[in-house]
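Chemist: Residue numbers (our numbering), protein chains in the order written: chain E, 1458 to 1814; chain H, 1458 to 1814; chain W, 1458 to 1814; chain Y, 1458 to 1814.
These are calculated hints, taken from the structure and not from any lab test.
Any given hint could turn out to be false.
List of simulated lysine-lysine pairs, PhoX-like, C-alpha gap at most 20 Å [unchecked claim]:
1. Y:K1572 - Y:K1538
2. Y:K1620 - W:K1620
3. E:K1538 - E:K1572
4. E:K1460 - E:K1549
5. H:K1620 - E:K1620
6. E:K1461 - E:K1549
A partial selection of chain H residues facing chain Y, derived with a Cβ cut-off under 8 Å [what the hints assert, rightly or not]:
7. A1523
8. D1714
9. G1715
10. A1718
11. R1733
12. V1796
Facing chain Y, from chain W, some residues (calculated, C-beta under 7 Å) [to be verified]:
13. I1644
14. M1670
15. I1745
Small disclaimer: the values here were computed from a predicted structure and weren't measured.
Note that CB positions come from ideal geometry on N, CA and C, so glycine has one too.
Below are the chains, spelled out letter by letter.
Protein chains: 4
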Amino acid sequence: MPKKIRVAVNGYGVIGKRVADAVRVQQDMELVGVSDVISDYRIKTAVTLGISVYASTTEGSAQMDAAGLPVAGGLHQLLDKVDVVVDCTPAKIGAGNLERYREHGVKAIFQGGEKHELTGHSFVAHANYATALGRETTRVVSCNTTATVRTLTALKDAGLLAKARGVLIRRATDPWESDHSGIMNTIVPEGRIPSHQGPDAQSVDSSLDVVTMAAKGSHTQNHMHYWTVELSRTADREEVLDALRAESRIALVRRADGIVALNSTIELMRDLGRPRGDMYEVALWEDILTVQGNELFYTYTVDNQAVVIPENIDAIRALAGTVTNAAESIRRTNDALGVRQDFTTVPENTRTGSVGT
Amino acid sequence: MPKKIRVAVNGYGVIGKRVADAVRVQQDMELVGVSDVISDYRIKTAVTLGISVYASTTEGSAQMDAAGLPVAGGLHQLLDKVDVVVDCTPAKIGAGNLERYREHGVKAIFQGGEKHELTGHSFVAHANYATALGRETTRVVSCNTTATVRTLTALKDAGLLAKARGVLIRRATDPWESDHSGIMNTIVPEGRIPSHQGPDAQSVDSSLDVVTMAAKGSHTQNHMHYWTVELSRTADREEVLDALRAESRIALVRRADGIVALNSTIELMRDLGRPRGDMYEVALWEDILTVQGNELFYTYTVDNQAVVIPENIDAIRALAGTVTNAAESIRRTNDALGVRQDFTTVPENTRTGSVGT
Amino acid sequence: MPKKIRVAVNGYGVIGKRVADAVRVQQDMELVGVSDVISDYRIKTAVTLGISVYASTTEGSAQMDAAGLPVAGGLHQLLDKVDVVVDCTPAKIGAGNLERYREHGVKAIFQGGEKHELTGHSFVAHANYATALGRETTRVVSCNTTATVRTLTALKDAGLLAKARGVLIRRATDPWESDHSGIMNTIVPEGRIPSHQGPDAQSVDSSLDVVTMAAKGSHTQNHMHYWTVELSRTADREEVLDALRAESRIALVRRADGIVALNSTIELMRDLGRPRGDMYEVALWEDILTVQGNELFYTYTVDNQAVVIPENIDAIRALAGTVTNAAESIRRTNDALGVRQDFTTVPENTRTGSVGT
Amino acid sequence: MPKKIRVAVNGYGVIGKRVADAVRVQQDMELVGVSDVISDYRIKTAVTLGISVYASTTEGSAQMDAAGLPVAGGLHQLLDKVDVVVDCTPAKIGAGNLERYREHGVKAIFQGGEKHELTGHSFVAHANYATALGRETTRVVSCNTTATVRTLTALKDAGLLAKARGVLIRRATDPWESDHSGIMNTIVPEGRIPSHQGPDAQSVDSSLDVVTMAAKGSHTQNHMHYWTVELSRTADREEVLDALRAESRIALVRRADGIVALNSTIELMRDLGRPRGDMYEVALWEDILTVQGNELFYTYTVDNQAVVIPENIDAIRALAGTVTNAAESIRRTNDALGVRQDFTTVPENTRTGSVGT
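Make a model of the complete structure from these sequences and hints.
Modeler: Shown next, in the form of structure tokens:
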């Protein structure tokens, strides 16, 4: 049996705690520990879940001690024990950590809050797993960009994509935030067109002809994207749907199934027993998608907290170099996380007898 | 001095009360009365404002009496006294009233909740005032469609418009609604693409190549539109802005002036002393608008409660036939309502001395 | 080994699906099946989870067939196979089902949407498990009332309660609802004082001197209660906290732990891996609770979707009569559901080594 | 004719702009100018309205110049021209301005964001106008405290008040705020009981036995208060209502009139043509108010942006010493602002004929 990839997560926030969860369910990975500076309920929960907690700073360590938290050591000690670190610290903080990771000879994955230039490589598994193989660093692009690249490269792979123009209505803040971060009863447009997501998608695949416009909406979870796509040729609806089905992290949903809004998918994930109610897939409305000649129109929703989690897992394997085939890594990740392409199709072998515990 | 156009408003709701206000400040119109079936604070306020109130039904009349409201008569009595009725009853109700209006020989204006087929004519002042002249009926299109037609015909008039693809994020319900009408912490997409606003814009100007996609956002006031426009030729930013400035009911706003979101414009209208805080103009962000080659991208916000009010006033003149020139009617309406093309340019002759009452 | 209690759930909505989940993890119960009339994602998920689905109506059965759902039979067939049915149909619908349950000789539990008179017994485990023993029917009171009774009877048990006056800020609609049920940017007061929860608490314990005032707030999950309690005597803070700690379904939370708002507890439950992010406990702020002489002031939050679930489980045992001791049933339920009295105290035997899968 | 009181407003924000408006409609006052540091749409509107604008800082002056704003001078020049300054700068900033005002020999009114100690006097017109007469400074208490004092002193004046316990659900941020200030889909309790409003009410009237608990709700306008009052004796409903009617700035509203929520009153104010849609009155629900023996329960809503405006106007007269009688000042203020005790009673002499412009 091959050695497991030893992984650290630096920053146990919205993304970090999910990456930690996801690492723990991979057969070929081991979560050595997480590191942070906080000492409140968020990190206490990590301890309750049996995760080793390290302190990123001396001050953080002292506060953890004071809060009764068992501190396993400092970040540098954690880095001594791992092959790959996933940096999930707040935007712009990660850049300062890179040198530290290098000193410890640890490969590092950053998130979309950092600039492409930090790593020179931006990652979406289906698009460019191969070019990340064995690299020292990569950057998993943001939730909006991840969804954009997944869908557009699916169309591109089928030879259907000419150009894409998108409107992104983002959630305003994360569900756990309690103060001084939200917007109320308004929409706030981004100050410039194109918004940053279009160029960001091109940092993954420079061939994409994509322009995005973005605004924040008055809700706390899930983004919604609307796309106007010029196809490279006239196509029919089924051809387009088949192209999308070829990307395993896009799930087709239907209003006919009662999935009629962003919050329907959130409820659905909870119903399915997903940890934290997370949706790793882009949920694209099959019965809203429309083709008119060589124009394609569609809308989907993205769980901004979860959509990048499978990409982080694949990025770990890519940097570690243990799995050289993208499809194989994606398959392992999807299986471990229970990624699906359809949420409501009833399984063939449905039990119809009475059920107990 | 020419005789004033005698006007009735049937339905004193969100639109009706604003039409009534607007009619009262026109020099060439007289508000004879309003008619409704309610007897609560909304209609009591009409009485307080000195408006004659009529009852649309016998039951409504009895309830008004019981509530201590002075009822001036029944709707049919009101219709006997007017030249034009503006029907602002709830969507789909108006259709049933048409026959009644005809019996009284009264010209009638309907709102966008009714179908185009009801009147055979759909109205936006700048686009087709002339074809409404002397007609028996017309229909002022909905708030979203009015804004769409204003902006697209401005581009068309300048010879710039090839085709337009829009995403419309609508307010979910009106600010006064208290129960069982809102959405919470979500976005609800319309069930089909194109949404109805595109075809509706074509009911005003069939030459428009326009497709719309729409969703409801979790806020109560103002819509937000994002447009991707293919220009008929390469143009520069100033050329586009000049085209938009040629439509007197588009106001250019700027983030540099602190107008950074939908609620900024709402606060601004209150600050300017607008009645009910209404914005009759489409507020389009000058410093977000972007041109790339022959592609134009822009966003604006629309006061869903107020944007159709000037159109209703113009429609009254068009049906009455008292003003044959569109520009003249538009000028009168704009002057009476204080319509502006720029909200923040400080007037030339600003007083700088101390001010009293 | 004693025979398991065979349970049916009629109505697979917000409460029903959670009751079904909870029954499945009890060692002494068996979920025979659930019954409903819907055929969309909500019931499809039940099938995916391996639950036998029955149709409550002929029409519902036909629609389930059409949607490709394997229907195990009609509700009457389900009733033939069970000892207890938990009725989780919408408010006021349950009353009509009682006769049907009786015909099948099945004991029945109703929810707080039904009137006390339907069953003649209203249930909160700690307050009156004993009086429900062996009964044909009982009614688990609503989420707000359950929380009220849990906290007030804890004070009463300690001899501390004289009278209690509460203000209840309710969530406006359930998180999954997408349209025409929410309120937006407002608060809606109940039309009368006292609101129904006070009298409802007295239907469980008629000795409680309690008055409630209630309003709906502009949020979708969790209620918040503020209480002003007159103590029967002067007491100190620790005495009051001890009284509350004696009720196993009250958890003390602290702002000092970062739990500063309703949504903090929601995030915490997700972090703890709770199914659907559910909180079965009343989360009462220890560091806000204040005693002044013989007056006590405190606030807590209630997960309106989950707080009644443990009560339903206890009610099943009480009606079935298999466990005669309240404390024993409560212990079993709490253990199976992972109910805690403190969410953030780090376990004694915390692992500090590295962890894998 | 007596000389008008010359007034300056320092800080043209939510409160300042309303005070400026209100000063301008008083017959015995003159608004000499307003001072601020901003240069965006908010202050540009002041210029448009014909108000002289001064710069509070050299930097602010430069930015106003750059923005094309005609600057009438610096704050110190404004202070040279006035008798009274109303300080409406952000909380805690005002304290630093006091010395400056003293140097210019200008009397000064501060807002509730400052501490009582700054002025040694806290003001609510009906409660303690007399003690403010001729003072150098006073402090108009916050919106929540103003409403609390108005209602409780009305009960006290009638000899009915023993003690009062209140729960205050506050709006989370002001409607104009666009970012990083709101809360979303939650309630945030204040960290301590009693919240500061109770002691603050006692800074106006130390005899009040009042305790408050407060939380922020997910809405942007109007607070809602729920009160449990122990009366000094058994009373009936009408006696209590009469006591409240004796305070001219409490308006009784009714659900029977369709006023069923916070946003109903906001719509009502817009319908009544109030500037900015402001409500100066505490709107107390007559048909929810309940008396049980010696206990009184009621709820009201407070326009957090406007309720303190009439108090500021009265405070100007009190400091200036031009009107020694509280009732006379209150009458003048109320008349000028159109304060009402009932919003929906139809006027006696209602016109029933047709109305024109």
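Chemist: Which numbered hints turn out to be false for this structure?
Modeler: 1, 3, 4, 6, 7 and 12
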